[in-house]
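Visitor: Sequence:
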Amino acid sequence: MPPNALRRVAPDAAAHLTLLTPPVDRLAALGVQRRYRKHTMLIQEGDTGDAIYIVLSGKLRAYVSDSRGREVTMALHGPGEYVGEMSLDGGRRSASVQAVEATVCAVVTRETVLQHIATDPEFALALIQRLIRRARLATESARSMALLDVYSRLRALLEQRARPAADGTRVVAERLTHQAIASEIGCSREMVSRLLKDLESGGYLQVVQRQLVLMRELPARW
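The sequence shown begins at 0 in numbering that gives the first Met the number 0 and counts up by one.
What the hints contain is simulated information worked out from the structure, not anything from laboratory work.
All C-beta atoms in this analysis are idealised placements derived from N, C-alpha and C, irrespective of residue type, glycine included.
Among the hints, a few may not be true.
For each label pair, taking beta carbons as the anchor points, the in silico distance ranges come out as [unchecked claim]:
#, residue 1, residue 2, range
1, S187, P163, 24 to 32 Å
2, Q208, P21, 32 to 40 Å
3, R220, A165, 41 to 49 Å
4, Q159, A101, 37 to 45 Å
5, E84, K196, 38 to 46 Å
6, T39, R209, 31 to 39 Å
7, Q114, S192, 46 to 54 Å
8, R220, T47, 42 to 50 Å
9, A117, G167, 50 to 58 Å
10, R220, Q114, 50 to 58 Å
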């Protein structure tokens, strides 16, 4: 058994582990607990990697960027999820990962993960299912970028994030900046600001305590 497999997550992380599925829980127990401040870079796109990061608390953002600094958010990962598995083949990191808030992770080396896959069929199956979901999401993302205009992508994001409120409106509980939205839907911050302002002027949306509130059904086209 590799040395890292003997190191356990610290006892004060035990409460976090209850959020994990049993297969991921068993893998997290083989890792080392590490804490990351907000904005800390855990993974840099293009680097070689030898570990995966299991989120115990907090949130991570996976994104890609170009030479001009433009970014597209690929996914947000909260407690119970993990990142870095795409480098298990020994290849380079396919995306950057940053902490969007103070985050605690169980860090597990590639060697330990590969050994765990060989000895834990339930985790191996869960990993395969996860990779299939990621492939499907990548296909849907490519379809969205190619076939939907910016407004349609914005509408889809708001519809997915909004939750019903007691007064009949729908609230996007997460406080999303215009830049964060732009990164997720692949456009400029200025375009997002203009569209949200237009929706607000049309009575479709309000900003209440920095939260987006959908006052009525968003139009199919804008």
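Visitor: Please go over all the hints and tell whether each is borne out by the structure.
Guide: Going down the list of hints, with the structure as the test:
Taking the beta carbon of each, S187 and P163 are about 31 Å apart, inside 24 to 32 Å as hinted. For Q208 paired with P21, a C-beta distance near 39 Å keeps the hint of 32 to 40 Å intact. At roughly 30 Å, the beta-carbon separation of R220 and A165 lies outside the given 41 to 49 Å, and the hint is violated. Our hint of 37 to 45 Å for Q159 and A101 is violated, since their Cβ atoms are close to 25 Å apart.
Against the hinted window of 38 to 46 Å, the Cβ-Cβ separation of E84 and K196 comes to about 40 Å, which satisfies the hint. Between T39 and R209, the C-beta spacing of about 24 Å breaks the proposed range 31 to 39 Å. A C-beta distance of roughly 49 Å is found between Q114 and S192, which places it inside the suggested range of 46 to 54 Å. The supplied range of 42 to 50 Å is met by R220 and T47, whose beta-carbon atoms lie about 45 Å from each other.
Under the hint 50 to 58 Å, the C-beta atoms of A117 and G167, about 53 Å apart, fit the expected range. For the pair R220 and Q114, the supplied restraint of 50 to 58 Å holds, since their beta-carbon distance comes to about 53 Å.
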